[in-house]
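Chain order of the listed sequences is A and B.
Numbering follows the working numbering, in which position 135 of the first sequence is assigned residue number 121; successive positions increment by one, without gaps.
Numbering follows the working numbering, in which position 225 of the second sequence is assigned residue number 917; successive positions increment by one, without gaps.
Incorrect hints may appear among the rest.
[Said to hold, decoys possible] Here are some chain A residues pointing at chain B (derived, C-beta under 10 Å):
1. Leu65
2. Leu76
3. Pro77
4. Leu180
[Stated by the list, open to error] From the derived model, a few chain B residues whose C-beta atoms are all more than 10 Å from chain A:
5. Leu709
6. Pro728
7. Asn812
8. Val870
9. Thr880
10. Leu904
Honestly, the hints are just simulated from the structure, not real lab data.
Glycine included, C-beta positions come from ideal geometry on N, C-alpha and C.
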Amino acid sequence: MGIATLWLSLLVLIPLGAVVWRGQRDGVPSFWDAITTPQAAAAIRLTVVCAVLVAVVNAVLGTLIAWVLVRDQFRGKWLLDALIDLPFALPTIVAGLVLLTLYGAHSPVGLELAYTRAGVVVALLFVTLPFVVRSVQPVLLELDVEMEHAAASLGAGNFTIFRRIVFPNLLPAISAGTALSFARAISEFGATVLIAGNLPVASVHIYTQIETDNTVGAAAVATVLLLIALSVLVSLEVLQRWAARHA
Amino acid sequence: MHKYALRFIGVGYLTLLVGVPVALIFWRTFEHGLAPVWESLTDSSVLHAFRVTAIVAFWAVLLNTVFGVGVAILLVRHRFRGRRLLGVLIDLPIAVSPVVVGLALILVYGKFAPLGGWLNDHGIKIIYAYPGMVLATMFVSLPLVVREVAPVLEEIGIEQEQAAWTLGANRVQTFRRVTLPAIRWALTYGVVLTMARSLGEYGAVAVVSGRLIDKTQTATLVVDERFQNFDQSTAYTVSVTLAIVAIMILILINVLRPKEHT
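Pulled out of the complex, with its shape left as it was, chain A reads as follows (with noise of 0.2 Å):
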């Protein structure tokens, strides 16, 4: 045990630790100069404005999707489905070059995104495609349809019963999937890089701040970060065990 904690506290904690340290180093009004510099308050408020939206689309379509390879039989489903865990296999800068191709710089389709915030959104959706589908899927398949029958049976429109009974069933599966990925959003580096530019991306602001040796600006936005982030897990884990305690 003694081993397990020295590990983790070498791997994770002193080092995470040192980046809030070095963040603060300076007094607290060195640090809110450093987040609150043009770039780096850019950098910050792009980043959470597209995690927010990534979020909400995947919620959405996120779930649609997890219906329609539930409840819906046509031919070729297996490889819809295969194609939702894509976006974790594949190393991030490769999604980030995948979208590139066809959304970059001479685009097949017309749609060129590349350096634009369009194009960040797109390679956000794509990485964190898979948190929703994959954590409101087995809900569903586990949901008894029986309900549903009663309530259509009752004269319930189908816009009322998804209303009434599937939607509550499958909110906290749809929660944490959105939380996650809005998570995953905020924190995203390989899949924007490429995509964004000079876009000022929180993760991409980070990385030029340590290349330029700037280690307690890019420390400073990496704590928001770590805050923003955190607060997210936190706040769903209490949501959760809310929801168990109510249900």
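On the provided structure of chain A, position chain B as indicated by the hints.
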């Protein structure tokens, strides 16, 4: 009617986001035949990069497997103060940006940090060398083995281990003959996931490796470097090679998955 609308949206979204781009990169790689692909693959820097990736992934997978099983046993079989904190710590790497991981390691093990400086004085170089890259890769793939093995350990309970114990088996024997066979599928699954993550790591390695061509450049770093230097053919070829490995790993995972529950 609306069933078809949902199917259309779902299939269309997946096709445009994943299907077409991935198919297109394969097409772009092979559109001029196999000769340029072969040329890119036999480039000495590219070969070196694949070797670096393999070495780093090997050590990261090995250490994370040993450590992952150890921590899983600790988390499930022992009760101690700070056990929940340990659980949270294990999951933390999922939420941390790879760049931040790199920065964190530099701040502790870099030449100008107290610990890194001390190690450097004793001839141990961590940052811009293999140890740092292994540490970075281990950091990002830390939870994978633990999270696969821990639930299985929980499920099998301790009766069999206690039985072995009362029959005179020592700790090593109990682990090898009783615990290990029970967790073998979960462990394999976790190891495969760790391997996929290790081979594909980019951000954390980009920061701690220094990107020294023919020294610490990994396969994912080659993709970036060649793409930035307009050597698209090599960037595509290395990407497709990594993608093929990823797809093979996915197939392996799908083959392994049903056996988890037996």
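Consistency of the hints with the structure:
1. With a least beta-carbon distance of about 8 Å to chain B, the hint placing A:Leu65 at the interface is held under the 10 Å criterion.
2. Interface restraint check for A:Leu76: the shortest CB-CB distance to chain B comes to about 5 Å, inside 10 Å, so the restraint holds.
3. For A:Pro77, the interface hint holds, the least distance from its beta-carbon to any beta-carbon of chain B being 3 Å, beneath 10 Å.
4. Checking A:Leu180 against chain B: minimum C-beta separation of about 7 Å stays under 10 Å; hint holds.
5. With a minimum CB-CB distance of about 6 Å to chain A, B:Leu709 fails to clear the 10 Å threshold, and the non-interface call is violated.
6. Taking the minimum C-beta to C-beta distance to chain A, about 16 Å, the non-interface status of B:Pro728 holds against the 10 Å cut.
7. The non-interface label for B:Asn812 is consistent with chain A: the shortest C-beta to C-beta separation is roughly 16 Å, beyond 10 Å.
8. For B:Val870, the condition that its CB be more than 10 Å from all CB atoms of chain A holds, with the nearest at approximately 21 Å.
9. At roughly 16 Å, the least C-beta separation between B:Thr880 and chain A is larger than 10 Å, which holds for a residue marked as non-interface.
10. Distance to chain A confirms B:Leu904 as a non-interface residue, since its nearest Cβ pair spans about 14 Å, more than 10 Å.
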